[in-house]
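Asker: Each chain, letter by letter, is given below.
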Amino acid sequence: MSPAIFEKGMVFFLSILTLLVSSLLLIILATVFAKGFPALHSSFLIESSQDFGRAGGIFYQLVGTIILMTGAVLISLPVALGSVIYQTQYLKSATGKEICRQSAQVLNATPTILFGLVGYLFFGVYLETGVSWVTGALILAVMILPTLQVSIREAIEALPDQYQDTGMALGLSQWSQIKTIIIPQCYYGIITGVFLGLARAAGETAAIMFAATTFSGIRLPESFSDPVPTLQTHMLVLTQEAANPEALAQAWGAGLVLLSLVFFLTVMAWILRSRLKMEAEL
Amino acid sequence: MKNESHGMRWIFAGLNLIFLCCAGGLFFLLIFESYPIFKLHGFDFWLGQDWWVGETYGALPMLYGSTLVTALACFLVLPLALAVAIFTSEFLTSTRRRYMKAVLELLAGVPGIVYGLLGVSFLSLWIKDVFGLLDGNTLATASCLLAIMILPTVLTLSEDAMRAVPAEYRDNALALGLSKWQTATAVVVPQALPGIMGAVLLGIGRAMGETIAVMLVVGSLDRIPDPWFNIFASAQTIPSKLGREAAEAIGEETHWSALMALGLALFTMVLLINFIGNRFLKRRNFS
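Chains as they are written, first to last, in our numbering: chain A, 1 to 282; chain B, 1 to 287.
Check before you lean on any hint, since a few could be wrong.
Derived DSSO-like pairs: lysine-lysine, alpha-carbon spacing no greater than 27 Å straight-line [what the hints assert, rightly or not]:
| hint | chain 1 | residue 1 | chain 2 | residue 2 |
| --- | --- | --- | --- | --- |
| 1 | B | K128 | A | K35 |
| 2 | A | K179 | A | K277 |
| 3 | B | K101 | A | K92 |
The set of hints was computed from the structure by calculation and includes no laboratory data.
The structure displayed is predicted, hence computed values, not measured ones.
Modelling step: build the complete structure from the supplied sequences, incorporating the hints.
Answerer: Here's what the structure looks like:
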């Protein structure tokens with residue numbers, strides 16, 4: 001076999017593999033859709049679950065997931081924005097910056113189950129928030145901190161130097177520069193970060209399964225110390241009843257909703273990033 | 001005006017401190033909380049093979065399970081990721097490459113519980129049928145599932161590493177009469193090797209900490225398979241153990257402490273792997 005033919009064959013083989021990998025997304029989507037679609041009925045999203053999740057809808061689970069992810073972003077955003085502004089605008093020492101960078105990497109790499117364990121211990125036991133949606137939101141807030149930081153930092157670092165030079169030449173204080181130049185010019189980074197953070201929080205199960213969520217008994221939290229049902233926990237419990245086809249069908253239905261939610265948030269983040277970035281550069 | 005500016009500085013510094021405390025506190029609490037079990041069992045905790053709640057705690061089966069599952073997943077993912085990364089980086093047009101990157105980013109965002117559901121409904125049944133096993137929840141099932149889960153991470157980072165090889169290298173190789181295939185395999189891949197290593201290590205780090213999907217398909221038996229290389233046996237990994245027992249260990253000091261010690265081991269391993277991986281990714285020797 002001549003080398004040219006061998007190479008053509010190899011390239012062809014690689015192209016097939018690439019096609020296979022890029023269709024993996026389609027395969028997963030198609031499977032979840034095909035399996036989850038039968039469970040969807042007209043009121044699946046607005047009905048409460050019945051018979052231990054084997055029938056009915058997922059309204060309260062969806063609400064629980066939304067409460068947790070929104071709470072997480074609301075808590076995480078000020079910390080992420082403040083810490084990135086401090087690191088880029090005020091912090092001058094190279095060692096300090098390196099420590100912050102390494103800490104962000106540590107948070108990003110930490111297995112999510114550990115956020116659940118340690119977060120439950122710190123928030124739930126030491127700060128006495130118990131097994132509740134507040135604990136869950138706090139845990140997820142710590143977990144998505146690096147995601148938000150990366151988006152905000154990218155936007156701030158992409159800002160041309162002239163903007164800040166001009167601000168300084170006009171005699172603006174550091175805080176005025178942040179208020180009038182950096183935040184207005186970089187808000188696309190903040191919005192992108194928020195959506196990516198929401199997506200990451202929505203897809204997370206391990207960190208909240210024993211610290212913030214419940215499978216049955218509670219619908220909507222009535223106080224700060226109530227846990228919430230979430231889509232993720234709902235799926236986890238139903239999946240473990242693999243022998244029961246009704247439970248599994250409901251799990252697929254919930255999975256379809258969860259996957260759509262996560263993809264919607266991610267794609268929104270991309271669209272906003274490209275559109276708002278263009279506006280900011282005009 | 002001046003005072004306001006100064007006040008804001010301290011607010012930002014405070015927010016940064018909160019962030020640093022999150023990372024530092026995690027490590028500190030893991031060490032602090034796992035101390036009781038070391039006081040009780042000493043180093044034997046790591047070598048013990050039995051885990052009976054309330055009596056004795058041994059971490060070896062979980063350590064072994066985690067290592068084996070991760071190594072196997074890495075072994076499965078490496079050839080595929082490398083092959084696809086070469087094709088994406090060297091043979092695709094830039095529009096298609098961007099499309100590929102978007103697909104990979106979406107894939108990386110698929111929630112672990114969805115992979116878990118796919119694993120329970122398909123993968124574990126296939127493995128049970130194909131290999132004629134009594135139970136499809138095995139180390140091999142978990143490894144296959146993990147390999148699929150970390151594929152986007154490893155792939156996209158290796159592809160970045162290959163793209164980072166300067167265009168002159170390719171131009172020179174092509175000018176010397178090498179074919180595109182030879183350029184890719186003999187010039188680009190060796191140059192991008194540190195980056196690829198880094199990508200694989202970051203993938204391993206992610207695989208090691210994955211909880212939900214593994215928990216559902218690994219079988220959750222706290223024992224070392226017999227014989228030790230039998231990958232078609234049920235076993236247990238650290239995150240899966242933590243996920244299974246955390247809820248019942250709340251309030252039970254020794255049990256909780258044992259789980260925290262497992263968490264500490266996991267945290268240390270993942271951080272170490274990640275640290276080395278990032279060192280590889282940062283290494284740029286194109287001058």
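Asker: With reference to the structure, classify each hint as holding or not holding.
Answerer: Cross-check of the supplied hints:
1. B:K128 with A:K35: Distance ~21 Å between K128 of chain B and K35 of chain A Cα, so the pair holds.
2. A:K179 with A:K277: 18 Å, holds
3. B:K101 with A:K92: 35 Å, violated
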